[in-house]
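S.K.: Here's the letter readout for the chains.
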Amino acid sequence: NAGVTQTPKFQVLKTGQSMTLQCAQDMNHEYMSWYRQDPGMGLRLIHYSVGAGITDQGEVPNGYNVSRSTTEDFPLRLLSAAPSQTSVYFCASSYRGSSGYTFGSGTRLTVV
Amino acid sequence: AQTVTQSQPEMSVQEAETVTLSCTYDTSESNYYLFWYKQPPSRQMILVIRQEAYKQQNATENRFSVNFQKAAKSFSLKISDSQLGDTAMYFCAFKGLARGGGGADGLTFGKGTHLIIQP
Numbered sequence: 001n002a003g004v005t006q007t008p009k010f011q012v013l014k015t016g017q018s019m020t021l022q023c024a025q026d027m028n029h030e031y032m033s034w035y036r037q038d039p040g041m042g043l044r045l046i047h048y049s050v051g052a053g054i055t056d057q058g059e060v061p062n063g064y065n066v067s068r069s070t071t072e073d074f075p076l077r078l079l080s081a082a083p084s085q086t087s088v089y090f091c092a093s094s095y096r097g098s099s100g101y102t103f104g105s106g107t108r109l110t111v112v
Numbered sequence: 001a002q003t004v005t006q007s008q009p010e011m012s013v014q015e016a017e018t019v020t021l022s023c024t025y026d027t028s029e030s031n032y033y034l035f036w037y038k039q040p041p042s043r044q045m046i047l048v049i050r051q052e053a054y055k056q057q058n059a060t061e062n063r064f065s066v067n068f069q070k071a072a073k074s075f076s077l078k079i080s081d082s083q084l085g086d087t088a089m090y091f092c093a094f095k096g097l098a099r100g101g102g103g104a105d106g107l108t109f110g111k112g113t114h115l116i117i118q119p
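The listed protein sequences correspond, in order, to chains Z and G.
Okay, so the first sequence: first residue is 1 according to the numbering used here, each after it adds one.
Okay, so the second sequence: first residue is 1 according to the numbering used here, each after it adds one.
Hints were generated in silico from the structure; no laboratory data involved.
Since this is a predicted model, take the numbers as computed values, not measurements.
In this text, a Cβ means the ideal position worked out from N, Cα and C, and glycines have one as well.
Fair warning: there could be bad hints in the mix.
[Unchecked claim] Which residues of chain G face chain Z? A partial, calculated answer using Cβ under 7 Å:
#	residue
1	Y33
2	M45
3	R50
4	Y54
5	K55
6	Q56
7	D105
8	G106
9	F109
10	G110
11	K111
12	G112
13	I116
Whole structure, please, built from the sequences with the hints as guidance.
M.R.: This is the structure:
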C-alpha cells in the first residue's frame, strides 16, 4: 500500500547509544519531515527536507541528524541518546505541503 | 515564528451531538494552509480537513466542517452527529508558505484537544 513506512515501531536504547529511525515513502513526495510527540506538547518539528539533498532544522533539532540522498528515504539519526529523547517520533511526507501531510505510524522510543 | 493555540485540553459530548473545537493561530503571513488532524488511540495521524487561507469558503468534509475567520486568526472544527469513533485527540496545524527557519517548511501544531464521545 502507498504511504509512509517507519521502522522500527518500538525501540529501547541505553543512554549514549546511537540509532537510526527509518522513514520511506512511495508517493514521490518532495517534502518530508520528522516530528516528536510528547505528552501535552503536541507535535514539534525536528528536521525537514524539501527535496533530495536539501535539509534544514526545525524547532527542536538538537541531538538529531538527517540526510536525504533519495526522494524516497529520510532517516533520522540519534547521535548519543539521552533520556530527554524519550518520545514518539513521526515521519511525514507531502507533495508540496499544501495538500496536507501523510504520516507514518510512528516509533515509540524509550531511552533508559 | 508561527504559534497555534488550542484552548480546550479535553471535551466530552454525547453521541449524536454537535461539538466545536477551537483553534487560534498567530502569523504574519497572508497565504498559508490550516489543517485538522485526528489521532485515535492507534496513534495514527489522520488528516480530517484542510483550508486554504486565500479561499473565503469554509471547507467541509461530510460531518466535519470548519469556521475559518482569517481576520480573527481563528480556525474551529465542527463535528456534526458525533459518533463513538470520533473519540480521539484532535490537532490543529498551520503550514506557511514562506521559506526559512521556524518550521516554515513543516507543520506547526497546537497541543491538541482530547475529544470523548459518550454513548
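S.K.: Work down the list of hints and note, for each, if the structure agrees.
M.R.: Evaluated hints:
1. Y33: Cβ of G/Y33 sits 5 Å from chain Z, so the hint holds.
2. M45: holds, 4 Å
3. R50: holds, 5 Å
4. Y54: violated, 11 Å
5. K55: violated, 12 Å
6. Q56: Since chain Z brings no Cβ nearer than about 17 Å to G/Q56, farther than 7 Å, the hint is violated.
7. D105: holds, 5 Å
8. G106: holds, 4 Å
9. F109: G/F109 check passes; min Cβ-Cβ to chain Z is 4 Å, inside 7 Å.
10. G110: holds, 6 Å
11. K111: holds, 4 Å
12. G112: It holds, given that the least Cβ distance between G/G112 and chain Z is near 5 Å, below 7 Å.
13. I116: violated, 17 Å
Violated hints, in rising order: 4, 5, 6, 13; the structure is consistent with all others.
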